[in-house]
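Make the full structure from the sequences, and use the hints.
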Amino acid sequence: MATLHTVNKSPFETQALLSCLGHTKAGDTVLLIEDGVYGAVGNTALADAVAGLGGAVTLAVLAPDLKARGIDEGRLMDGVKTVDYAGFVELAAEHDRTQAWL
Amino acid sequence: MATLHTVNKSPFETQALLSCLGHTKAGDTVLLIEDGVYGAVGNTALADAVAGLGGAVTLAVLAPDLKARGIDEGRLMDGVKTVDYAGFVELAAEHDRTQAWL
Amino acid sequence: MKFGVVVSEGPYTHQASDTAYHFVTAALAAGHEVPRVFFYHDGVNVGTRLSIPPQDERNIQEQWSALAKEHGTDLVICIAAAQRRGLLDKNEADRQGKDADNIAEGFRISGLGQLIEMGIDADRLMTFGD
Amino acid sequence: MKFGVVVSEGPYTHQASDTAYHFVTAALAAGHEVPRVFFYHDGVNVGTRLSIPPQDERNIQEQWSALAKEHGTDLVICIAAAQRRGLLDKNEADRQGKDADNIAEGFRISGLGQLIEMGIDADRLMTFGD
Amino acid sequence: MEDGVKKFLYVNRKAPYGTIYALEALEVVLIGAAFDQDVSLAFLDDGVFQLTKAQDTKEIGVKNFSPTFRALGDYEVTKLYVEKESLDERGLTADDLQEITYEDEDDDWAEKPSIIIVSRSEMADVMAGQDVILSF
Amino acid sequence: MEDGVKKFLYVNRKAPYGTIYALEALEVVLIGAAFDQDVSLAFLDDGVFQLTKAQDTKEIGVKNFSPTFRALGDYEVTKLYVEKESLDERGLTADDLQEITYEDEDDDWAEKPSIIIVSRSEMADVMAGQDVILSF
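Residue numbers (this note's numbering), protein chains in the order written: chain U, 832 to 933; chain Y, 832 to 933; chain C, 231 to 360; chain E, 231 to 360; chain A, 284 to 419; chain S, 284 to 419.
Quick caveat, the hints were computed from the structure, so don't treat them as lab data. Careful, some of the hints might be misleading.
As the list claims (entries may be wrong) - Once the Cα atoms are required to be at most 16 Å apart in a straight line, the calculated EDC-like pairs of lysine to aspartate or glutamate come out as:
#1 U:K856 <-> A:E405
#2 E:K232 <-> Y:D927
#3 A:K289 <-> C:D353
#4 C:K232 <-> U:E921
#5 A:K289 <-> A:D339
#6 E:K232 <-> Y:D909
#7 S:K289 <-> E:D351
#8 A:K341 <-> E:E287
#9 C:K320 <-> E:D329
#10 A:K341 <-> E:D286
#11 Y:K856 <-> Y:D927
#12 E:K328 <-> C:D329
#13 E:K232 <-> E:D304
#14 C:K232 <-> U:D927
#15 A:K362 <-> A:E405
#16 S:K289 <-> Y:D927
What the hints assert, rightly or not - Distance windows between CB atoms, simulated:
#17 S:E388 <-> C:Q285: 48 to 56 Å
#18 U:G918 <-> C:R325: 40 to 48 Å
#19 Y:G883 <-> A:A354: 37 to 45 Å
#20 S:E405 <-> C:R325: 55 to 63 Å
#21 Y:G905 <-> A:E394: 26 to 34 Å
What the hints assert, rightly or not - Going by beta-carbon spacing under 8 Å, a handful of chain S positions derived as facing chain E:
#22 K289
#23 I303
#24 Y304
#25 E307
#26 E310
#27 Q320
#28 I398
#29 I400
#30 S418
Backbone N, C-alpha and C fix where the C-beta goes; we use that ideal spot for every residue, glycine too.
Here's what the structure looks like:
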């Protein structure tokens, strides 16, 4: 009974990602889309908070949004999974529900 | 040559107020409007950062927006000035320029 | 699997309606069903036929109208949200004494009940907003 | 003193157009001039005459149209922003082959140059957005 | 899900009046109440501001919709989960919120509070127990 | 203000593509360039993301407007202030930004960088020196 969480805001601008991470449960996936993808980059002021999740929650990022913003996949934090729109659909189907953190 | 800064976002949701406070100069006024008025309330997780400004910058808040949100003026941090729309206009006229932190 | 989709922001200003469109396209390509997309809040503005985006930009309304035509997707604009924001069909314009309407082909205006119904019928509900 | 005002968000969804309206009203009451208000980004949607807000809500478009009538304020809607979002006057509708227009009384559609001019002419420039 | 009844959660994370999301969320809740689903509302982050007392919008010229929360009981919407950590961070306590109650038909119409203060971890449990989550 | 020339500052604080503000700000800058004012652009907070290299928007179906920044020199828009603290917080350095240059007509058309990296305190000075500030 796992949840797919989506976050579409930059974690440098809003609290959406932090609030989302505070409400995840083991087995959930957090998918970063649109301006949310900046949250998956390593070596930033925020990376520690995100890494603090441990392995109980999977962090994923929408590759088309990464490319649009010129972020090389090599800059992502360790363990972040990239998906395309088809992969987004698969994640939504595999999880029991989706919650958007707007 | 002072600036009137306006902030219309809740400081619990976005970084606008913190970014604004990092770019003020002595003699400036920061006016909190719309959802920004929550930044003027004392005894919150954010009040220390706001109070850290010291006296070089005046903090003001738009009273109609305070009332709309049910915030009693007694709950404001010390030294916060309240204005109505006419007072907002006066502040804009008295300062040399206005900068909106959106 | 049956997906329900909510679009909560207007075209061009926020990426939400683009992401929703790409999601729906990918879901249909994977063999899933998307019987309905519900446009709420500023999302109602996606359904205007009066927009004229620059030639080097995508036409968001036409993308959705074409999708509805090809796949029979029911594009529902919330009537309460639409009235506030100035999105009307011919019927509503006549009833309200307005001299024009602006809804695009493939969209229809209906009540919030259609959103709840979509939530009940769908296996998964997706929200794209701001 | 002469104020220029920019409104960057649409009606009802964000408070920006309300705050701008109250600011302009207060400025005029205090004897200041507000020769022009420029509507940009989603702000262009303030100028639609097709909105029908609930009876217990303010009518934002009518408030601005009345203000323009009473004070001669020039309400300018940015053409580039308006075209993306489906806000048209009769001229533009004819030119673009659209079968309807939706601009309200007191508003006019013009270029971004009017924003720059306003910045040059005004003593103070105010921006209300999101 | 039992008997075709789904668990619907309306998630409110935004302050009132600065944007319309809080009001339009409430409009969905009122319509949704007619569908006989299992309905809950969640208030966290700035969403807790929606429930505060003494809202007076006269001077901003915007409709005050906060009294509508008190009518939710009449629509059989009786579970309003409010996150304690969100209140604390904002300097609020339960006393700053409106009193919202319902009459329990299974308990001789006794008047009971609709607001349920929960911890962040309990809120995560509430969210994880839903079939449909609508975010505003 | 000298000779009727005003100092205009365009303040960019938002990331590209998630919202349209970055693109529509650029449209104002291009039109504004025709008015012979003293124009500067400020990039801080998420606005610094607008200037990054290698943006490729094909898969999201949105127009990539980042090459336009490199054309600003042709419009005599040559002062792009970028805040160092904003870069640092986002794990970026000046090398992650596009090379944006202009030809200096007062110096035998020598090619010079348009991007000026400044500290937060210098950015505050830039802002305080303006006549008109447009925020996006």
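Each hint tested on the structure:
At most 16 Å may separate the alpha-carbon atoms for a hinted pair to count; K856 of chain U and E405 of chain A meet this at roughly 11 Å. A threshold of 16 Å between alpha carbons decides the hint, and for K232 of chain E with D927 of chain Y the separation of about 13 Å falls inside it, so the pair holds. At most 16 Å may separate the alpha-carbon atoms for a hinted pair to count; K289 of chain A and D353 of chain C meet this at roughly 11 Å. Between K232 of chain C and E921 of chain U the CA atoms are separated by roughly 12 Å; this keeps the pair inside 16 Å, and the hint holds.
With a C-alpha separation of about 36 Å, the suggested pair K289 of chain A and D339 of chain A falls outside the 16 Å cut-off, and the hint is violated. A hinted pair counts as satisfied when its Cα atoms are at most 16 Å apart, and K232 of chain E with D909 of chain Y does not qualify at roughly 33 Å. Restraint check for K289 of chain S and D351 of chain E: the C-alpha separation of about 10 Å stays at or below 16 Å, so the hint holds. Using a Cα cut-off of 16 Å, the hinted pair K341 of chain A and E287 of chain E holds, with the two alpha carbons roughly 11 Å apart.
A C-alpha spacing of about 12 Å is found between K320 of chain C and D329 of chain E, which places the hinted pair at or below 16 Å, so the restraint holds. Among the hinted pairs, K341 of chain A with D286 of chain E is consistent with the structure: their alpha-carbon atoms are about 12 Å apart, no more than 16 Å. Under the criterion of a C-alpha separation no larger than 16 Å, the hint pairing K856 of chain Y with D927 of chain Y is consistent with the structure, at around 13 Å. Taking the CA atoms of K328 of chain E and D329 of chain C, the gap is near 15 Å; set against the 16 Å cutoff, the hint holds.
At most 16 Å may separate the alpha-carbon atoms for a hinted pair to count; K232 of chain E and D304 of chain E meet this at roughly 13 Å. Taken as a hint, the K232 of chain C and D927 of chain U pair is honoured in the structure, with Cα atoms around 13 Å apart against an allowance of 16 Å. Simply put, K362 of chain A and E405 of chain A have alpha-carbon atoms about 14 Å apart, close enough for the 16 Å limit, and the pair holds. Between the alpha carbons of K289 of chain S and D927 of chain Y the distance comes to roughly 13 Å, so the proposed pair stays at or under 16 Å and holds.
Separated by about 33 Å at the C-beta atoms, E388 of chain S and Q285 of chain C break the suggested range of 48 to 56 Å. Evaluation of the 40 to 48 Å hint for G918 of chain U and R325 of chain C yields a pass: the beta carbon distance comes to about 45 Å. Between G883 of chain Y and A354 of chain A the CB atoms are about 43 Å apart, so this pair conforms to the stated range of 37 to 45 Å. The hinted window of 55 to 63 Å between E405 of chain S and R325 of chain C holds, with their beta carbons roughly 59 Å apart.
With their beta carbons about 31 Å apart, G905 of chain Y and E394 of chain A fall inside the hinted range of 26 to 34 Å. At about 6 Å, the closest approach between the beta carbon of K289 of chain S and any beta carbon in chain E falls short of 8 Å, and the interface hint on this residue holds. Because the closest C-beta pair between I303 of chain S and chain E is about 7 Å apart, less than 8 Å, the hint holds. Because the closest C-beta pair between Y304 of chain S and chain E is about 7 Å apart, less than 8 Å, the hint holds.
For the restraint placing E307 of chain S at the interface with chain E, the shortest Cβ-Cβ distance is roughly 6 Å, inside the 8 Å limit, so the hint holds. At its closest, the beta carbon of E310 of chain S sits 6 Å from a beta carbon of chain E; the interface hint therefore holds under the 8 Å criterion. The closest approach between the C-beta of Q320 of chain S and any C-beta of chain E is roughly 7 Å, which is under the 8 Å cut-off, so the hint is satisfied. The restraint placing I398 of chain S at the interface with chain E is violated, with a minimum CB-CB distance near 23 Å, outside the 8 Å limit.
Taken as an interface hint, I400 of chain S does not check out: its beta carbon lies about 26 Å from the nearest beta carbon of chain E, beyond 8 Å. Among the interface hints, the one on S418 of chain S holds; its C-beta lies about 5 Å from the nearest C-beta in chain E, closer than the 8 Å criterion.
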